[in-house]
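Given the coordinates of chain A, assemble chain B onto it according to the supplied hints.
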Amino acid sequence: MPRVHDRGGWPDAGPINKAEHDLSMWEKRTDALLMLLARPTKRVLRVDELRRAIESLAPDAYEKLSYYERWITAIEILLIEKGILTRTEIDQKAEEINIHQS
Amino acid sequence: MSAKFKPGDKVRVRVGSPPGHLRTPHYIQGKTGSVAAVHGTFRNPESLAYGGDGLPKQFLYLVCFEQTQVWEQYPASRQDRLLIDIYEHWLEPA
Numbered sequence: 001m002p003r004v005h006d007r008g009g010w011p012d013a014g015p016i017n018k019a020e021h022d023l024s025m026w027e028k029r030t031d032a033l034l035m036l037l038a039r040p041t042k043r044v045l046r047v048d049e050l051r052r053a054i055e056s057l058a059p060d061a062y063e064k065l066s067y068y069e070r071w072i073t074a075i076e077i078l079l080i081e082k083g084i085l086t087r088t089e090i091d092q093k094a095e096e097i098n099i100h101q102s
Numbered sequence: 001m002s003a004k005f006k007p008g009d010k011v012r013v014r015v016g017s018p019p020g021h022l023r024t025p026h027y028i029q030g031k032t033g034s035v036a037a038v039h040g041t042f043r044n045p046e047s048l049a050y051g052g053d054g055l056p057k058q059f060l061y062l063v064c065f066e067q068t069q070v071w072e073q074y075p076a077s078r079q080d081r082l083l084i085d086i087y088e089h090w091l092e093p094a
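Chains as they are written, first to last, in our numbering: chain A, 1 to 102; chain B, 1 to 94.
Pulled out of the complex, with its shape left as it was, chain B reads as follows:
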């Protein structure tokens, strides 16, 4: 199994609120950022949360966003960044 994205790739976070447990907060959905690091593979918490085995493991990425892109009327510097962990199935190429 290989990672779909590599550091530097532009990615967009999928939009959705499927019933159940997810680790992709509402405020980051639909935003575009870039992959900062590939953390490796981990059991899927969306399955673990219901007593499942969390398999197959999912790639987890550290994704970087400009704060001015995340929040409307963000008051500070364009250099401010948000770094957040996102699972691969929540990302698409941008």
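So here's chain A without its partners, still in its complex pose:
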């Protein structure tokens, strides 16, 4: 039984929506964040690690999250794992941003 990310040969869920769609600012920032973290001069993390972290998501979370939601979730997992940020620091910052925006 293949794991949730190993999709080749699974029954499909209908035709793929091939329409172009705009990326939101947070999605672009997530992409930029990964590029900065993975750049060879620093190499805080590797894309292989990002893949592994995405693949470690629980199957229901994997199915529910969008493409960049998987990325940012995996980036959080790796930054915590490497001791660069703590869960508390990330949650506090998110809370501050929520307060400023509301």
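The hints are simulated quantities; they were obtained by calculation from the structure and are not laboratory data. Misleading hints may appear alongside valid ones.
[As the list claims (entries may be wrong)] In the EDC-like style, the derived pairs of lysine to aspartate or glutamate whose C-alpha atoms are separated by at most 20 angstroms in a straight line are:
#1 A:K82 <-> B:D53
#2 B:K31 <-> A:D6
#3 B:K57 <-> B:E88
#4 A:K42 <-> B:D53
#5 B:K31 <-> B:E88
#6 B:K6 <-> B:E92
[Unchecked claim] A few chain A residues facing chain B, derived, Cβ under 7 angstroms:
#7 P2
#8 G8
#9 G9
#10 K42
#11 R46
#12 D91
[To be verified] From the derived model, a few chain A residues whose C-beta atoms are all more than 10 angstroms from chain B:
#13 L23
#14 M25
#15 W26
#16 T30
#17 L37
#18 R39
#19 T41
#20 E63
#21 R70
#22 I77
#23 K82
#24 I99
#25 Q101
#26 S102
Predicted model, so just to flag it, every value in this text is computed and none were measured. Glycine residues also receive a C-beta, built at the ideal position from the N, C-alpha and C atoms.
Just chain B now, kept in the frame of chain A:
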């Protein structure tokens, strides 16, 4: 270090689902194809995925399969091919 296989060699993909990260999709495991090209050596992603150095480097091959061999009831031509990159430690002689 020299490559174990050369273009034209028949190879079978090993079957396995070791815990951790791997680049050998489930659908191609156990299938037999032929080496189309030797890409060279690359750090092993199964180690890189956990912060390892990926050494020793592994040979990576472009392997060619007949689609009718990969998928049951494949509807189209027997000439259709699947080309996929597979690391050497996932291949055995066939």
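Status of the hints after comparison with the structure:
This hinted pair checks out: K82 (chain A) and D53 (chain B) have alpha carbons roughly 16 angstroms apart, not beyond 20 angstroms. For the hint pairing K31 (chain B) with D6 (chain A), the CA-to-CA distance comes to about 16 angstroms; that is within 20 angstroms, so the pair holds. The suggested pairing of K57 (chain B) with E88 (chain B) holds, with an alpha-carbon distance near 10 angstroms, which does not exceed 20 angstroms. With a C-alpha separation of about 15 angstroms, the suggested pair K42 (chain A) and D53 (chain B) falls inside the 20 angstroms cut-off, and the hint holds.
Restraint check for K31 (chain B) and E88 (chain B): satisfied, since their Cα atoms lie roughly 15 angstroms apart, inside the 20 angstroms limit. Of the pairs offered as hints, the one joining K6 (chain B) and E92 (chain B) holds, with about 12 angstroms between alpha carbons and a cut-off of 20 angstroms not exceeded. Contact between P2 (chain A) and chain B, as hinted, is supported at the beta carbon level, the nearest pair being about 4 angstroms apart and thus within 7 angstroms. Hint status for G8 (chain A) relative to chain B: holds, with the closest Cβ pair at about 4 angstroms, below 7 angstroms.
Look at G9 (chain A): its Cβ gets to within about 4 angstroms of chain B, closer than 7 angstroms, so that hint holds up. Evaluation of the K42 (chain A) hint against chain B yields a violated restraint, the C-beta minimum of about 14 angstroms exceeding 7 angstroms. With its C-beta approaching chain B no nearer than about 5 angstroms, R46 (chain A) sits inside the 7 angstroms limit, and its interface hint holds. For the restraint placing D91 (chain A) at the interface with chain B, the shortest Cβ-Cβ distance is roughly 24 angstroms, beyond the 7 angstroms limit, so the hint is violated.
Residue-level check passed: L23 (chain A) sits 26 angstroms from the nearest beta carbon of chain B, beyond 10 angstroms. The Cβ of M25 (chain A) sits about 29 angstroms from the closest Cβ of chain B, beyond the 10 angstroms cut-off, so the non-interface label holds. Listed as a non-interface residue, W26 (chain A) keeps its Cβ farther than 10 angstroms from every Cβ of chain B; the least gap is roughly 26 angstroms. Consistency note on T30 (chain A): stated as away from chain B, and its beta-carbon is indeed over 10 angstroms from all of that chain's, at 20 angstroms minimum.
For L37 (chain A), the shortest C-beta to C-beta distance to chain B comes to about 13 angstroms, beyond the 10 angstroms cut-off, and the non-interface label holds. At the 10 angstroms boundary, the C-beta of R39 (chain A) stays outside the reach of chain B, the nearest C-beta of that chain being 16 angstroms off. No Cβ of chain B comes within 10 angstroms of the Cβ of T41 (chain A); the nearest lies about 17 angstroms off, and the non-interface call holds. E63 (chain A), annotated as away from the interface, keeps every beta carbon of chain B farther than 10 angstroms; the closest lies near 17 angstroms.
Once the 10 angstroms rule is applied to beta carbons, R70 (chain A) is consistent with being away from chain B; the minimum gap is 15 angstroms. I77 (chain A), annotated as away from the interface, keeps every beta carbon of chain B farther than 10 angstroms; the closest lies near 12 angstroms. Interface exclusion of K82 (chain A) from chain B breaks down, the closest Cβ pair being 8 angstroms apart, not more than 10 angstroms. For I99 (chain A), the condition that its CB be more than 10 angstroms from all CB atoms of chain B holds, with the nearest at approximately 35 angstroms.
Look at Q101 (chain A): its CB is around 35 angstroms from the nearest CB on chain B, clear of 10 angstroms, so calling it non-interface holds up. With a minimum CB-CB distance of about 38 angstroms to chain B, S102 (chain A) clears the 10 angstroms threshold, and the non-interface call stands.
Against the hints set out earlier in the document, violations occur for numbers 10, 12, 23.
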